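Number of protein chains: 4
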Amino acid sequence: MMNHRKLRMGMIGGGPGSFIGAVHRIAANMDGQIELVAGAFSSNPEKSAIAGAELFLDNSRIYQSYDEMFEKEKALPKDQRIDFVSIVTPNHVHFDPTVKALKNGFHVVLDKPMTLTYEEAKELNKVIEETGLLFCLTHTYTGYPMVKEAKQLVSNGTLGNIRKVYVEYPQGWLWKNVSEEENKQAGWRTDPKRSGVAGCMGDIGTHALNLAEYVSGLKLDKLCADLNTTLSGRTLDDDGIVLLKFEGGASGVLMASQVATGAENNLKIRVYGDKAGLEWQQEDANSLIVRHPEQPDQIYRAGANVPYLSSYALANTRTPAGHPEGYLEAFANHYRNFARTLTAKLNGTEPEKEWLDFPSTEDGLRGMAFIEHVVKSGQSEQKWTKFKL
Amino acid sequence: MMNHRKLRMGMIGGGPGSFIGAVHRIAANMDGQIELVAGAFSSNPEKSAIAGAELFLDNSRIYQSYDEMFEKEKALPKDQRIDFVSIVTPNHVHFDPTVKALKNGFHVVLDKPMTLTYEEAKELNKVIEETGLLFCLTHTYTGYPMVKEAKQLVSNGTLGNIRKVYVEYPQGWLWKNVSEEENKQAGWRTDPKRSGVAGCMGDIGTHALNLAEYVSGLKLDKLCADLNTTLSGRTLDDDGIVLLKFEGGASGVLMASQVATGAENNLKIRVYGDKAGLEWQQEDANSLIVRHPEQPDQIYRAGANVPYLSSYALANTRTPAGHPEGYLEAFANHYRNFARTLTAKLNGTEPEKEWLDFPSTEDGLRGMAFIEHVVKSGQSEQKWTKFKL
Amino acid sequence: MMNHRKLRMGMIGGGPGSFIGAVHRIAANMDGQIELVAGAFSSNPEKSAIAGAELFLDNSRIYQSYDEMFEKEKALPKDQRIDFVSIVTPNHVHFDPTVKALKNGFHVVLDKPMTLTYEEAKELNKVIEETGLLFCLTHTYTGYPMVKEAKQLVSNGTLGNIRKVYVEYPQGWLWKNVSEEENKQAGWRTDPKRSGVAGCMGDIGTHALNLAEYVSGLKLDKLCADLNTTLSGRTLDDDGIVLLKFEGGASGVLMASQVATGAENNLKIRVYGDKAGLEWQQEDANSLIVRHPEQPDQIYRAGANVPYLSSYALANTRTPAGHPEGYLEAFANHYRNFARTLTAKLNGTEPEKEWLDFPSTEDGLRGMAFIEHVVKSGQSEQKWTKFKL
Amino acid sequence: MMNHRKLRMGMIGGGPGSFIGAVHRIAANMDGQIELVAGAFSSNPEKSAIAGAELFLDNSRIYQSYDEMFEKEKALPKDQRIDFVSIVTPNHVHFDPTVKALKNGFHVVLDKPMTLTYEEAKELNKVIEETGLLFCLTHTYTGYPMVKEAKQLVSNGTLGNIRKVYVEYPQGWLWKNVSEEENKQAGWRTDPKRSGVAGCMGDIGTHALNLAEYVSGLKLDKLCADLNTTLSGRTLDDDGIVLLKFEGGASGVLMASQVATGAENNLKIRVYGDKAGLEWQQEDANSLIVRHPEQPDQIYRAGANVPYLSSYALANTRTPAGHPEGYLEAFANHYRNFARTLTAKLNGTEPEKEWLDFPSTEDGLRGMAFIEHVVKSGQSEQKWTKFKL
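First to last, the protein sequences are chains W, B, V and R.
In terms of UniProt numbering, the first sequence has 117 at position 117, counting the first letter as 1, and numbering is strictly consecutive.
In terms of UniProt numbering, the second sequence has 291 at position 291, counting the first letter as 1, and numbering is strictly consecutive.
In terms of UniProt numbering, the third sequence has 330 at position 330, counting the first letter as 1, and numbering is strictly consecutive.
In terms of UniProt numbering, the fourth sequence has 147 at position 147, counting the first letter as 1, and numbering is strictly consecutive.
By construction, these hints were calculated from the structure, which means they are not laboratory data.
Small disclaimer: the values here were computed from a predicted structure and weren't measured.
Honestly, I wouldn't trust all of these hints.
Note that identical chains are pooled: a pair holds if it fits in a single copy or bridges any two copies.
Claimed, not checked - Once the Cα atoms are required to be at most 25 Å apart in a straight line, the calculated BS3-like pairs of lysine-lysine come out as:
hint	residue 1	residue 2
1	Lys47	Lys6
2	Lys176	Lys275
3	Lys222	Lys376
4	Lys176	Lys245
5	Lys47	Lys193
6	Lys386	Lys222
7	Lys193	Lys126
8	Lys72	Lys100
9	Lys126	Lys219
10	Lys245	Lys219
11	Lys386	Lys219
Working from the sequences, and respecting the hints, build out all of it.
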C-alpha cells in the first residue's frame, strides 16, 4: 500500500543562536512534505528544551541528546517514529551522530562539510554504503534552479568542451576579529577543534569547489593553493586562492575569502567552453547568462512557466518568472528532492531522475579531500599538488 | 495560560491548476507557525478531495464546500478546529466565503483584490469591523523587507516632503490570446464575471497603487486614466496608465500592463522627496537604492545581520545579507505577521508594532475604490476624476 | 574634383560657463573630419575673445558677434571660409543666427530645441526648405548606436506591431532653487524669456518625445499632460507626465522631471510590440535588451566587430564590443553623419543612407509643436489634446 | 613668451586595418589640444600614403618610413615641426622608433607594452632618462576617472591597509583559430616574433597588473603563474591565472584570458582593505562601488559636477553625471594629461599634479618585467617566482 504521508524529521543541533538550524527548518517546512516531530537541539539539555518548545514539539520528543533520541525514537511504533534526521551541528559533531543515525536505521540530511576530517569522511562513507540508507549533504547552491540549468547546458553540449572555470566566494564578515560572544558562528568556525584543518576553505571553499564540479561536470585533478591567515590571532585560513586543473585538461581558479571587507555572499561561477560561456551569481540567482560568440547574449530566467528550461530547472522552481526565488528555496529544493526520493524508496517506487539530483556522499568525500589537499598545497613550495581520493 | 501552539488553517480554493493557492500554502508553511488542517479546495468536490489528499490532510477534514467546512469545523472542539481560513479563490468567490468565515468566528487571510465589486467591499468591511476578527489581505509586495525599509525612510523624514511617485508593473503574459484550457489564470482573470470591472488594473494595478500608498504614506486624491483593451476579443482592460494626484499635492504615475511583451513581473517604485529619492524593484528585491543629492548613491541591503536597517525590515528577514530572499518570503512575511498577531490576540497579549504591519481592510477598500474610479476615469473625457471612498 | 578636406566650422555661443558648447566641440573634433576655425562665442565680445584664444583660434576669426562672423566669413575666399556653423546658444538665440546663417549660405548644426516658439520654428523651417542647405538638430540620444539598432528592430518587424511606448527622463538637478550665479544652466533654463513656454518639457521632454518617435517609428496623435511647477518661485514646469496616443492606436507615456531628487540623466525607453519588446537606457547605453516571449532575453551589444548588428548601429560605433562608448560619441555621431553628408553634397556624390540618419528640421518642428501642445494640455480640463503640426 | 597653440603630432603605424591607431587619433583629437600633422602609417609606403590622405594630411608630411619622418621633420622650422610622435605599431616595432624619436628630440606617446623584450625596455628606459623627454605609455584603463578615484580612496586611507586584490580581464575573441587575413590583430598578437614571449599575458595581463598596482598603490613581490595555450597550433599563451604577492604582504590574483568564449572586455578590479572594499569594472565604468562594513554600499559616480569626487577624477571628466563617458575618453585623458604637461614643459611652467598622472616609463618597465616573470613562472615547478626589476 502506498505510503502517502508527510515524512517525519528529527533534528540534531540548531538550538538558540544557530543560523543554519533555522535555515534547515524553513527548507524542510516550505513544501509541506516534511514535519519536524523530534529533536536534540543542543548539547545543553535546557537549551534543547527551550528550542523544542519554541518549535511546538511534543515534550516527549524533545531529547537531551541525540543518543537519547535514537534510542527512544527507535522504540516508537513504525508509524510514529522519525524517518530521518537533519544534523546541523558544528563540523566536529557531524561524524558521530550521522554514523549512529544510520546504524539505527534513520536516513540522514547533514549540513556540510561532511565531517571534521577526511578520515572520518571515508569511514562515514563506508557506513552509508553498508546501510544503504539515503544521505543528503546540503551543499545549498546546487539547489538553485539556474545552477541546475547551467549544469544541463554543459552536459547537453551547448558550451562544447569546457576549457575554463572561474569560481569565487567572497565574504567580508571576518574582516575584523569577532568574539564568540558577539557571533556564535565566528567562534566555532575559526576554531580548528570544531571546524577542522581549514577555515575559509572548509566553510566556503568547499561550496565553491562543489559548485564548480557540479556545473562543469569536471573532476579536480591537481591544485595549487595560496592560503592566508590575514588577522593575527587566528589559527586557520581566512582567505585563499586556488589554481585548479581538472581531469581532461581544463583549468580554473577558486577564490574564497572571509576578509573581503564589505562583501556579502556573492558566490559566482563562470564556465567557458569551445562553443559558448555561461555565468551565474547568487546575487542575481534567477538569471543565467549564456554567451555565444557573434550572437546576442542570452539571459535564461528561472520560472515555473518558462518553456525553454530543462526539466531539472523546472522541477526546482515554484513561482512564475520574475517572482524571485532565493537561497531558502534553493535549500528547500534539496529537502524536497530528498523527501521525494525517500518517499519513493519507502513506497518501493522509482524516483524521477530530477529528484535524485541532490548532493550526497561523493560530494562530501570530495569536499573533505579538497580540504586536506588545499591545506597541504598551501604549505608546499611545489606548485602542483595532485588531488586524489 | 499561554496558548503556545501552531495556528490551524483551513483553505478555500487552491485546488488543481491554482497558482496562488500553492503560493499561499508555501507562505503559510515556511515559518512553522501554521499548519494546514482542513480545506475546501474546489467547487468540484472530486477535485477538492484530490487536492486534500495530496496535501496529506485527514479525510475527515477535506470538505466539499466551504459551507460544509464552516459547519463542521465549528462543531469540532475548540482545541482542534481551525483558527482561520485562507481564501484563494477567483475574485467573484471572495465576498461570500469571507463573510461567512467571519460570521462563523474564523479569522481570515484573503487573496487580493478584496471582492468583485466596491459595493461588496464596503459591506465586507462592515462585517470585519462588527466581528472584530483579524483580516489580512495579501498584497504581497509590501511584505518585502526593503519595501518596508523604504516606507520607514519616508516616514522618518529621510526623503523630506514627497513630491513624486512613479510606480509600474509591466507584465507580458497576456501578449496573445490564451485560452482557459491553456492557462487557468488567463481564463478567469480576463472574464468580467469572475474578475470584476477591471482586468489589468484590478489584477496588478491595485498592487501598484497599494505599493505607492504604502511606501509614500500618501493617499490618492484624484486620477486620470488611459485604459486599453489591446487584443480584440477581450472585454476588460489589459493595459493602462494612470496619472495620480495625492492629497497634499504630490503627483505621480501608475503604469500597469499585461501586454508588455516579454516582461515578467518587475514591479518597481521610485519616490522622490525634497531631500532624497529612493528606488526599489522586485527584480533586485534585496536592494533599496537611496539617492541623496551631491553624495554617493547608497544601496541598502536586506539581511538578518544588517545593523543599519529598521526594525520593520529586520523583523521580515530570515537570512544574512547576500543570501537572497524573494517573493515567497515576502508572502510568508504577511502570514507570519498575521500569525504572530493572531497568537498574541488569542493569548491576550500585545502584538509588537512590526507584526501589525500587514495589509488589511483599508487596503482592500481602497483597492476596490481604485478599480471603480480607474474604470470610470478611463471612460471619461474629463481629465481628472476625484477619488473618494 | 573631389573635395577631400576637413570641413571648416564656426561656432556661435559656447563661451565661458557653457556646458553644451564644450560638448559640441568635442563631438566635432572627435573624428578628425571637422576643424573649428572661427567663432562668436558670446554676446560679450571680451568673453568671446577669451574663449577663442583658449581654443587656439586665429585672432582674425574670433568675432564680436555672429553678424560680424557671417559678414567677414562670407568675404573670405571659398577655400578658407567656414562651411557651416554650430549654434549652441540658449533657446531664445536660436532663430536669428540660424536664419542668418542659412541666408548667408552656411549650413547649420543647431542645439535643440529648434527655437523659442513654435511660430519661429515654422518660419525657420521655411528658410531651411528655401535655401536647401543642410540642417542638423542635435537631439543627442538618437546618435547612440543601440538606439539606432532599436529603431531598426522595430522597422524590420522584429517587434511586430507596436502597442506601447514608455519613455522617461528623470533628472534631479533642479531639486532645489539654484541661482544663476551658481549654475548658468539653471538660470536660463528656468527663465521663460530665454527658455520658452516650457521648462522641463522643453529641455528634456522634447528629447524623450524625439526618442520615442524615432525608435517606434510612430507619430504622436494626441496627448494628455500633467505638468508641475514644484518649487515656489519658478514660473515654468520642472516636472510632468504625459499620456500619449500615437497614430494607428498605440499608446504610451512620457515622464520627465528635473526634481527627481538624486536622479542623473537616465533617459530610458521601452517599446512593446505584438511579437517582442525592447528596452534601452542611457546608463547602460551599449546594451539593448530584446525580449521575445517564451525565449531567453537577448542582450544586443554595441561594438565595431559585432556581426549581428545593423549597418546603422555599425556605422555609428568606433570601438570593439565591451569598450564602452558614451554620450560624447553619440553626439559625435550626429556631427560625423552631418559632416559625411555635407562632404558628399559638396562633392556632388550620393551620401550613404546611414549618414542621412541625423535629426533635422522635422524633428525640430515636432519638438516645438510638442512644447506648445504639452503646455496647452497641461492647462486644459479636457483629457485629450489633439497634436497637429 | 607663452606658447599657446595646439601641439603637433606625428604618428607611426596606425594604417589600414589597425584598430589601435584609430583609437589613438580619436583620443588625440577629442579635446582640441593636439593636431595630427605628419605620419608614417605603415611599413608599406603605399598604405602610408593612403592613410595620410584619408586623414587630410598635407602630402609633404606623409612619410614612407619613420626614419624619413624624423629626418624631414627635424629639418622643418621649429614652429612647424612635430612636437611629439604617437607610436602605435605592433610590439616588435616599438623599440626602434621610440629610441630614434627621442634621440631626434621628439617626445613620445607609445602604445603598450613598452617593447618586445624586457632587455629592450631597460635600454629604452635609459634613453628616456638621458634625453629627459616626455614619455607616455597608453595603459588605457588608468585613464578612467573612477579608476583614478579608486586610487585616491586607497591612498587617502579610506580602505585602510590593503589585504587583497582581485583583478581580471576575460576576453573571448581568440576562442577559435583566426587567420591574419580575417583579423589583423589575431595575426601579430599570436606571433612571438611580433608580440614577444607572451600572448595573452603581454596583451592584457600587463593591463591588469598595471591597473592592480595603480589602484592599490602596491608593488608586486612574487608570483605564481599557470599559463595555458588552449588552442592547438598556437605558440603563445592565450589564457592564464597568476597568484600575486605584493610587497608588504597583501595577496591577490590576476586572471586574464582570450578564450573566455563570449566575453568582451570587462576588465574588473576589486581591492579590499581592513576598513573597506571597492569594486570597478569597465562595463559600468562610470560607477565605483565602495563597501564599508555595516553601512549601505556606496556608488560613486563619475561626472563633471559631482562635488564629492577627488580632483583627479574631476580633472579627467567632461560630462555631467549620468551622461556616460567611456573607453575613448579614458584614452583621451592620457593624451590630454600628456599634452597639458608637455605644454607646461614647453612654456617652462609647472604642470598641475593631476596632469602628471599618466602612465610612463616605470609602468612600461614593470609591465615588461611582468611578462618575463610570468612566462618563467608558468614554466616552473616551484610555486613562487620572485619579481624583480
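Evaluated hints:
1. Lys47 - Lys6: between (27 Å within a copy, 20 Å between copies)
2. Lys176 - Lys275: The answer is between: 9 Å across copies meets 25 Å, while 43 Å in one copy does not.
3. Lys222 - Lys376: both (12 Å within a copy, 20 Å between copies)
4. Lys176 - Lys245: Between copies only: 21 Å across, 33 Å inside.
5. Lys47 - Lys193: Classified as within: same-chain Cα gap 22 Å, cross-chain 56 Å, threshold 25 Å.
6. Lys386 - Lys222: both (4 Å within a copy, 23 Å between copies)
7. Lys193 - Lys126: within (24 Å within a copy, 57 Å between copies)
8. Lys72 - Lys100: within (13 Å within a copy, 45 Å between copies)
9. Lys126 - Lys219: Cα proximity of Lys126 and Lys219: one copy only (21 Å, versus 50 Å across).
10. Lys245 - Lys219: Intra 9 Å, inter 28 Å, cutoff 25 Å: intra-copy only.
11. Lys386 - Lys219: Within one copy only: 12 Å inside a chain, 31 Å across chains, cut-off 25 Å.
Comparing the model with each earlier hint shows no violations; every hint is respected.
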